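Generate coordinates for the entire structure from the input sequences, incorporating the hints supplied.
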Amino acid sequence: MAYIFQQALNALQLGSIYALIALGYTMVYGILTMINFAHGDLFMVGAFFCFIIAVYLHLSFIPTLLLSMMGVAFLGVVIERFAYKPLRNAPRVSAIITALGVGLFLENFTLALSPYPKHIPPLLTNVTWTVGSLSLSSLQMIVIVLSLCLMLILDFIVRHTKAGMAMRAISWDKTVVPLMGVSVNKIISLTFAIGTGLGGAAGVMYGLAYPVIDPYMGIMVGWKAFICAVVGGIGNIRGAMIGGFILGGVEIMVAAFLPSTYRDFVAFTLLLILLIVRPYGILGKPHPQKV
Amino acid sequence: MASIKTACYTLPAHWHTLTGNKYFWPVFVLAGLAFCMAVDTFDFVDLYLQLILIYVGINIILTVSLNLINGYMGEFSVGHAGFMAVGAYIASLLTVYVFPPGAVGVFFPLAILAGGIGAALVGFLVAIPSFKTRGDYLAIVTLAFCMIVKSVLENIDAVGGPRGLLGMEKLTTLPWVFFWTALSVWVIRNLVYSNFGRGVLSIREDEIASDLMSVNTRQVKIIAFVVSSFFAGIAGGLFAHALQFINPRMFDILKSTDILIMVYLGGIASISGSILGAVIYTILLEILRPLGIWRMVLMPLMLVLLMIYRPRGIMGMREARLFTPLRDLVTEKLWRQKKKEAPDATD
Amino acid sequence: MPLIEINKITHRFAGLCAVSDFNLAVLPHELIGIIGPNGAGKTTVFNLITGVYRASEGSIKLEGKELVGLTPHQITSSGIARTFQNIRLFRELSVLDNVRIAHYGQIAYTPAEALLHIGRFHAEEKRITNQAMDLLSIFKLDESANEKAKNLPYGLQRRLEIARALATEPRLLLLDEPAAGMNPNEIIQLMEFIRWIRQTFSVTIILIEHQMRLVMGICERLVVLDFGATIAQGLPSQIQANPKVMEAYLGEEVVL
Chain A
1 MAYIFQQALN
11 ALQLGSIYAL
21 IALGYTMVYG
31 ILTMINFAHG
41 DLFMVGAFFC
51 FIIAVYLHLS
61 FIPTLLLSMM
71 GVAFLGVVIE
81 RFAYKPLRNA
91 PRVSAIITAL
101 GVGLFLENFT
111 LALSPYPKHI
121 PPLLTNVTWT
131 VGSLSLSSLQ
141 MIVIVLSLCL
151 MLILDFIVRH
161 TKAGMAMRAI
171 SWDKTVVPLM
181 GVSVNKIISL
191 TFAIGTGLGG
201 AAGVMYGLAY
211 PVIDPYMGIM
221 VGWKAFICAV
231 VGGIGNIRGA
241 MIGGFILGGV
251 EIMVAAFLPS
261 TYRDFVAFTL
271 LLILLIVRPY
281 GILGKPHPQK
291 V
Chain B
1 MASIKTACYT
11 LPAHWHTLTG
21 NKYFWPVFVL
31 AGLAFCMAVD
41 TFDFVDLYLQ
51 LILIYVGINI
61 ILTVSLNLIN
71 GYMGEFSVGH
81 AGFMAVGAYI
91 ASLLTVYVFP
101 PGAVGVFFPL
111 AILAGGIGAA
121 LVGFLVAIPS
131 FKTRGDYLAI
141 VTLAFCMIVK
151 SVLENIDAVG
161 GPRGLLGMEK
171 LTTLPWVFFW
181 TALSVWVIRN
191 LVYSNFGRGV
201 LSIREDEIAS
211 DLMSVNTRQV
221 KIIAFVVSSF
231 FAGIAGGLFA
241 HALQFINPRM
251 FDILKSTDIL
261 IMVYLGGIAS
271 ISGSILGAVI
281 YTILLEILRP
291 LGIWRMVLMP
301 LMLVLLMIYR
311 PRGIMGMREA
321 RLFTPLRDLV
331 TEKLWRQKKK
341 EAPDATD
Chain C
1 MPLIEINKIT
11 HRFAGLCAVS
21 DFNLAVLPHE
31 LIGIIGPNGA
41 GKTTVFNLIT
51 GVYRASEGSI
61 KLEGKELVGL
71 TPHQITSSGI
81 ARTFQNIRLF
91 RELSVLDNVR
101 IAHYGQIAYT
111 PAEALLHIGR
121 FHAEEKRITN
131 QAMDLLSIFK
141 LDESANEKAK
151 NLPYGLQRRL
161 EIARALATEP
171 RLLLLDEPAA
181 GMNPNEIIQL
191 MEFIRWIRQT
201 FSVTIILIEH
211 QMRLVMGICE
221 RLVVLDFGAT
231 IAQGLPSQIQ
241 ANPKVMEAYL
251 GEEVVL
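Chains as they are written, first to last, in the numbering used here: chain A, 1 to 291; chain B, 1 to 347; chain C, 1 to 256.
Everything labelled a hint here was simulated from the structure, so no lab data went into it.
Just so we're clear, the structure is a prediction, and the values are computed from it rather than from any experiment.
There's no promise every hint is true.
As the list claims (entries may be wrong) - Derived pair list, reagent style DSBU-like, types lysine-lysine, alpha-carbon separation capped at 35 Å:
no., chain 1, residue 1, chain 2, residue 2
1, C, K140, B, K22
2, C, K148, B, K340
3, C, K150, B, K338
4, C, K65, B, K338
5, C, K150, A, K186
6, B, K132, C, K61
7, B, K338, C, K61
8, B, K132, C, K65
9, A, K174, A, K118
10, B, K333, C, K140
11, B, K22, C, K148
12, C, K150, B, K339
13, B, K339, C, K126
14, B, K338, A, K174
15, B, K132, C, K148
16, A, K85, C, K148
17, B, K333, C, K61
18, C, K61, B, K339
19, B, K333, C, K148
20, C, K61, B, K22
21, C, K150, A, K174
22, B, K22, C, K150
23, A, K85, C, K150
24, C, K61, A, K285
25, C, K150, B, K333
Laid out in structure tokens, this is it:
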């Protein structure tokens, strides 16, 4: 029983990291119907920012987190401005390939600067409380609670602020919104900033939870977060959160009860089955083609 | 219905003067094959250069075959490396464990073919979800497929698990690569210039309209996936016997990304484009090798710039005249000629 | 014996009745018009006949053969072709290829023959190319055979759509608002054109139209739909005098 509870906590931790990354995919998709395949690598950059700030600036946890988020958000906006914006009217795949290119660039650029895996120093002292046969780690708690807070803030922004309203409006109809006096470019930049900022936060927390980081760590995590976004229904913010927790749960449970090499196999097979049963994700709605 | 009566025209005697390239391809292919065999026997070309040429050929096969799905059919498959893995493993297992060690060279084409057929069977399975799912969701299906292949291979100890498989002889020679490359280009071009190929294109343009114009879209999708994965499997087999070592990690999503880049660099829905894309990408990577890791920084940067200034790639949606079958260049002219001679021949 | 017999078909979208109890029997060589206000379910009827939607209830028989449950391409191959309200050509493909694709249901070569360009392939390709060119020349489109469909002017795109539909060798042709975006002069030409198509290709035609001038001018029988229900059926003169029809169109501009 305690073992299961322990695994559930692990699942929540991994799931919240997936969910934070998946949010970035889904937000960008909602607004531009574009899959930002560089997003997983921005997550990796977040972890490296965390490493740089912690090692060279000796800042504590909160400033490190905020600075890393801001750094990644800035990078996200710059990438959008210079790489994606010129392609807004080009065929959709051109934008996707560009995003893959940007991702490769980030990976290899980081690799060129830092050829060996890095170890993030502990930013927080980890306290372990023991309740009966159960051990709770403060680190795990912080990752889970912080991610949930970020998600709640995001949900609030999207639902109750003017900018959030504009975001939803653009994802609904891109041609009418400018007529209402909303600057589409600003809203797109803002979306990229928030989405990639959350990815950066995920990078920092991933670094806390699994301290060894390398330039290629964003690939697999990125693809998996993308899958979470799709499972939840791409373009749907709450769906992305749900998708993140589902995948986190599945992976941890598989690893707990089967040889860990089966993890990916089971996760992806489940994904296929889910897509066959619900081709548009859990919260996504099908778009019937009008004839 | 008062059917539209047609006169079946016979080809006039001077038909090749209309085009002038009737003999180009047979001559080119025979000469190329002869040259490759000469290189293989007399070894007058640097071995390193030979290896690059082998990779160029393999990449052409991969690019042209992926273009069938991503360019002509307009889907976004990221699972091509998975089909490649299937072909590579089947072919390698056959040459290492099944075929008699002395005569492996003789059985090599059979092994490659078996790899292609195995990959084609898997491609058939992947085509089934494509009946109902499109776009981003189909991309995920192919992604999941690629991951599953890798994961399964890692979990089977008989094929070496994560450590991979070795013991293959270096059977992939320049003539064989040339042969399979020419075959794949020819077959895929043939498909594209047939009514099945037009069906593939019409699915990209408007799937519902295509179905309503009598195109059996399911059949078309199966053909496209089977042909595409068949050649990916062939390429995988050749790749395994060029490198003489494979492991599951070689066929992950990064390999698929490589092929995607070659497809979109060359341009979608263009065979000549795919050939150009594969050749340029492979050779450029080699030329930039002295830069070390920085070439891997430079390449994606160039890709991004290319996409910004030429979003459709080098040859996007265009085809070099050489790759258009003669009949497609001529029939319309013949029809016009006949019409001029006998205006009442129709109706 | 009627060519097509539609018996009590009903279709619901999420509980909403888009078409209810629709009945229609069309004799060979007839020209029928379906009219009704926007959202009356006219295009849905076409979608049901061609298999885009599957009817919730009822049956559709083409010369006694049940069509409900068949896929669109099977229905097209058994002799029903259509055009679309908003043109749906294969825009990036050539005009000739647009028509050749419509021969898909008739090609006699197998995929293997197509991959290797052997056997019946060459003869068949020659046949469908020549047929397509003949059809294009009948529609005066042969000069632009190698143009991309998207580069044709609007009027020619409409014409190409009809040519493409006829290339499937239909016995029944469904035209969805063929006069959309045409001026009165062009409509008069279009009326001639539709009559001529029926004569030349000896097809039965059902058309959906808003332009009363066109419908009253050429249709032999009319069906009036409103909110999915059939409110009147009969000769154009009967329909014109029908008070229920006037009521349904109240608020809409009626051009008689």
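- request: Output the numbers, in ascending order, of every earlier hint that fails for this structure.
  value: 4, 7, 9, 14, 17, 18, 20
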